[in-house]
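**Student:** With the hints as extra help, turn the sequences into a complete structure.
Protein chains in written order, with this note's numbering: chain A, 70 to 470; chain B, -12 to 280; chain C, 420 to 794; chain D, 62 to 293; chain E, 33 to 281.
These aren't lab readings, by the way, just hints derived from the structure by calculation. If a hint is listed, it holds; no wrong ones were tucked in.
Pulled a few chain C residues facing chain B out of the computed Cβ check, cut under 10 Å:
1. G479
2. A567
3. L580
Under the rule of at most 30 Å between Cα atoms (straight-line distance), these lysine-lysine pairs were calculated in the DSSO-like manner:
4. D/K152 with E/K87
5. C/K766 with E/K124
6. E/K157 with C/K428
Here a beta-carbon is modelled for each residue, glycine too, at the ideal position from N, C-alpha and C.
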Amino acid sequence: ATLAKGEPIKVGILFSLTGGLAVPEEDSALVMQYAIDEINEAGGINGSPIEPIIVDAKSDMNVYAQKMRELILRDRVISVFGCYTSASRKAVMPTVMSRDNLLFYPTCYEGKECSQNIVCTGPLANQHSQELIPYMVENFGKRVFFVGSNYVWPKESNKNARIWLDDAGGELLGEEYVPLGSSEFGSVLNKIRRAKPDFIFSTVVGASDIAFHRQFKQAGFNAEDMPIASLTTGEIETRAMGIEYGAGHFLSAPYFQALDNPTNKKFVDGFLGSKYGKSGVTHYNMEETYNSAYVFKAAIEKAIDENGMENVTPRLIRDAAAGVRLSADVSPEGEVWVDENNFNTWLVPKIGQCQEDGSFKIVKTADSHVEPLPYSIYPDAGTCTAQGLKLPSGSIRKDVI
Amino acid sequence: MDYSWAPLMGSLVLGLSIASIWLVAALGLTIIYGTAGVINMAHGEFIMLGAYAAYCAQAYLGTPFLLCLPISFVVVALIGLFFERVLIRYLYHRPLDTLLATWGVSLMLTQGVRMIFGSSPKYVQVPEFLSGNVSLGIMNMSSLRILIVLMTVVLIVGIWYLFYRTYFGIKIRAVTQNREMAASFGVNSERIYMCTFALGAGLAGVAGCLFSALAIVLPTMGSNYVVESFLVVVTGGGPLVGSIAASAMMGEFKSFFSYFFNSTFAQFLLFVLIVIVLRFRPNGLFANTAVRR
Amino acid sequence: MNGNIYHDKRAQWVVYIVFFVSLGLIPVMQADPFLLNQLAVFGIYGLLAMSISLCWGTGGILNLGQGIAFGMGAYGMAMTMQMQSQDPEFSPLPSFMSTNGLEQLPWFWEPFWSTGGGIFLALAVPTIFSLIFGALMFQARVSGPFFAIMSLAMLSAFYILVLDMQPYTNGANGISPRMPLEVAGYSLDPYSPAAYWLIFGLLFSLTVLAKLLNQSKFGQIVRALREDPERVRFLGYNVALYETLIYAISAFIAAVAGCCFTILIQYVSPDQFDVVFSITMVIWAAVGGRLSLIGAIIGAFLIQGSESYLGDQFLNSWHLILGFFFVIIVRFLPNGLAGLLEMLLAKRSRSSTEESPPHGRAKSPAAANAEKAGV
Amino acid sequence: MLMQMSSMSAFYGKTQILRDFSFALDEGQCVCVLGRNGVGKTTLMRSIMGLTDRTTGQIEFAGRQIGELPTHERSRCGIGYIPQGRQIFGKLSVRENILLGSFARADGQVEVPEMCTSLFPYLAENLERRAGLLSGGQQQQLAIARALAVKPKVLLLDEPTDGIQPNIVAEIGETLRMLNKELGMTLILAEQHIKVARKLSDRFLMIDNGRVVAEGDIDELTDELVDEHMTV
Amino acid sequence: MGGVLEIRDLHKSFDSHHVIQGFSMDVVEQTLSCLIGPNGAGKTTLMDLISGRLKPSSGSVRFRGDELSGLSESDIARRGVGRKFQVPAVFKELTVRENLEIAFSREVNPFRNMLKFRDKAMLAKLEEVSVLVNLENRLSIVAGLLSHGETQWLEIGMTLMQEPQLLLLDEPIAGMTEAEVDQTAKLLREVRQHSTLIVVEHDMGFVRRVADMVTVMHMGTHFAEGKIDEIEANQNVREIYLGTEEDAA
Ligand SMILES: Nc1ncnc2c1ncn2[C@@H]1O[C@H](COP(=O)(O)OP(=O)(O)OP(=O)(O)O)[C@@H](O)[C@H]1O
Ligand SMILES: Nc1ncnc2c1ncn2[C@@H]1O[C@H](COP(=O)(O)OP(=O)(O)OP(=O)(O)O)[C@@H](O)[C@H]1O
Ligand SMILES: [Mg+2]
Ligand SMILES: [Mg+2]
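**Tutor:** Right under this line is the structure:
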């Protein structure tokens, strides 16, 4: 992948536009196109427009891997934006790493990776629950029940949450995982009824999350007595489940549509007014995707400055992304910057409570930016540096996923 | 954990609810398979269409939820009828091919719905009294689940009445037993198959309408129900009683396994259990022993 | 219909030779790593379609759970490759295991320290599993649609099991070994001609073996039991044994495909056990012609090829097109494209010999004749 | 002329069973179709009903061409069929079996006709029994009752005494005679038992190898003919 | 008089329907026994019981001293019991040659059969049998295209390929022309030189020509047995099966 002045810069957009994962991912693909249009209208990058190559991963991990190979090897893109679930990220990373390309991964994830071919703009598990758990314990009580989808991210997030829970003096009553995509919560709700927690900490994702909130209310629970504190239930999910099922529950995220600042207003109005804004909401995932486009812009411009247009490689873009800062008038969630070592993002987590009209009211904002720590709960594993995972022994392992 | 009898009662009741969900999902499949021997892989998509029909009725016409049930029935029955006319009727004597062809149909339906409605989830509103909960001492059940149980009972009684108390039912059963002889006595077997298929599709539509309130309305939602529905029919062996027994068995086992293990592993155990059952009753619990000569 | 060249064994072998020689020559003409890798992946799909053709076409056993063997093979290979990148002394434990709270390598992972042992297990375990599952089902005379549904259920069970056994399988995230497979000190770059040759060699030799199997007495008996197992039983053959064997052989081929898949993609996930993927295999075979091994392979090439190249333009309607196409094939061409070819050739040979078909509208003799030799 | 077939051929798959078959039948007659095993008697009945895989040639019934009609419409023209081996619906009750017959009635009435209950008192007493539980003879009665419920103009009987105890054979013979002679119903009767045939019918039709080889009044059915075409 | 096949007090019922009720019979080596009886007497069911397709409710079937009931169909076939079905069962999609080849089941081990492409013994046998059943010119025809009579013959040929010691034929001449019947009779007499046969047939002319011994079955019981003349003279048999002159009056 080499660039030439004036010629389009090809990037891949790899999301599931169909299948079970399409719910969050399709919107990410749309907002990505919106961001690219915005950048191109503003003159592109060094005079070159960005040309997105949009492919559908069909919610199938094999297809993610296959499409990633097509993008990198056949279409010769310089970077790829995409993936949502950890599984899809794991599916594409071997290819990305072996071809030394670059993936912009715009959503929350569990961490515990140290790859030299990825830049993440969403919150890590440690950033997510740092504020949420203490807030919930303080306001609702110490007894908590964890419910999650049965895969890595919820489990790792819960490990993180347990640490904050212990700090706050809370008590974990039970931990339940349901199969991904399952919509049968009867037995989980029975267990909750028996445990009588003060609040629920939920890492249920996707369609299951919607079923969970509905059946939660239908089983006679309500948000006043036993709110659900979730890491995933945003504006899209709430609308899909029906606002009455979502109202009163909490979400921790770095971004909410209701954030009151001029950049966000411009983003929301601009996006919803564009041809991509048919869904009518903006969502933390979408905003993180939007930001990733601007991180890319900043990084590639820096790489071009330093190396010249023809010499830019994905690797140089990644190196240039270290420390890239999006100021408050670019990033709708407020200023963020990319960590120089682990290439995750410093951001400000916020807690929102869903209102009767489906919007979120920000009830708490972290006092300062929270550092992304991919190995926060595995201090023995080492620390992530730009060159690779630095083991306690001092040696460095590359490409740790 | 507390293993006293109250939670066990709770899972018994939950098992009943799961059983009724699976049974209502499998009813249409049972009728189509039991009567015409067609394995309808698009059944899950018919369920999905039922949910979308409910969504449309509500979003565009403002129909209240309970009225969506008959609307879903009619709409999906008509769609089923269409596919029966253009495709299935040529394949009645090739059961394995119906399985494949209907799978093709399911692909088309999923994608078609996605192209029309997009892949974002749709929301179906249920009346206030259905989003609550009924508590009977130690037992607890959401009113929606109670509605599903009731609805299942109503549908079963309805089907039973139709099959065993009406002339149409005599015709269906006659065609099922001996198509040629039924035709020799004025029964239009083509039309019976057609009606049965439409009926089965319509029942899937009703199931979809019910599920739209319980879970989520998505183009891909059908795949959540289709494997279980098949297992209900296969384990039951075809007849209605078979499906009732099979779903009761499966629902209770699922609930009990989930009580002792987690839901995922419970699902696995359930599948293994079914393989074992089939090992000993290869044609299902209530199979008709066919005489081959 | 003696004139139908389609059934001429010599002509069939000529087609085989032409097909495989031209596939074999590709790396000589084209060295683009992507193309080679992609063609190699298609080769794997070809293997899978061929295995379905063997089981379903020859034996009449519709297997909607071929993903079981495929997935097991893929996982076996992934475990082998994963252990190749682990250090027995400093980091014997794959990182996802420690994440999931394991402190020791589970016993069933131990054999995968050895590359040979790992590959052996990757092939043996699915084959043995199929032998057991097949024996259970076929001895109980579970057949036709019932077997299809049971294989589907078994597949879902595996999907769920692999998802649930996170400490041992890494659940939904699957296993992504960091390094390509290393055999005897040689690292097999998945984008190299070597990888292509490997897959191609396997496809070639397994297809030829399968074809020979079809032409042997064994194949003959299996084809007979597809039509009427009862009658075969009365001829003194143990039908369940034959069915189990053809099912297990087909599973073995799928396991080989699974191994190759991991070599090429360096990644496995529970999606290998995905129901849709297994049914897609059946579609390949059905479209190409389930009665013809090479037809099934070409079916896989055609469908995956068009998905890959048409997919982007027809992004939104690909499934619609695929579904429609498939329905049309099932409805009008039960024997797929190979069946179509057979029919055309039969028509030609008939018109040239002026041999008018006997009365009757039912099946054309060609259709009735379908697969006498199993192209 | 109630029914007329001209140059009819019938096939199962590719096998031709009836070859160039022609015959005519007047109202009120009883025609006996004779022939050895497997010559095509059943096939003749089935091609009248439209149950063979393929039939060519014409069938005219009550002034209507029925050769192209689907089976269920043929039966509605007033043809009652009593198939070989009875083929009653074992899982349906006796009543349902008879009601099923009346679905083919031209007037659309659905009922258990008087005639059935009076002819077969056993059935009348056991209307709710599952038909599969009846003995062979009773099943044969049921098959006749079911066909009578059609209110047919013509009754096709395929070896109605086949596998039935001798005393019941006599009874059935009596019933058929009554239907034909007293109620004037037209009968086409396939039989292997010459004695039964001679007793009941007005005319005969001898089939061999799918063709009509002899035809005429029942008196013309000589022993030589029988010996020639029906080896016993 | 000891026999190849000894059937003792055999019972078979479906649900509560007793089809075979205490049937006993002996078959002597290298004879052709005909089994006759009214429709539904249980003849086919008896064949099913001998060949293992059905399991008897009680009673025993011994073949050369070995108990057969309880063995699987293929095991029984392996012991030398061949069977032709009432409704001809050939592989319609395969050629006549393939049908015959498959029926040659000296080797049933699947692994050895995987390596078997050309089998001399089989070819010799095929040659012999195809001439015997008059299909030597039809070998490459798909069996589905054969006429009814030919299909019957093919099935007889298939059972011969099996080289059975005991051959069960269920209505072998149904649907055959006069000439074909003649040939079949000749064929069966030839086969009897080295095998034992049990033939179910309704055609008394044929029975008279081929049978060494006739057994009459009625309602699942052994009703009468003897030479054809004795049977035809037997008043009871005439009543239940053959019919009597008096009835005709
Ligand atoms: N469904 C079928 N497919 C193929 N051949 C058939 C079919 N039904 C009958 N035949 C054949 O057609 C021929 C005529 O059969 P048919 O039943 O008409 O004889 P039949 O005269 O009624 O004999 P029977 O006295 O035994 O009842 C027979 O050779 C029979 O084997
Ligand atoms: N699987 C079964 N289930 C129930 N009843 C059966 C079964 N098989 C046979 N029967 C009954 O057993 C009786 C004997 O049948 P069978 O076929 O043995 O008679 P058959 O002597 O061969 O008559 P035919 O001369 O008509 O061939 C019949 O009444 C039949 O209905
Ligand atoms: Mg007949
Ligand atoms: Mg019989």
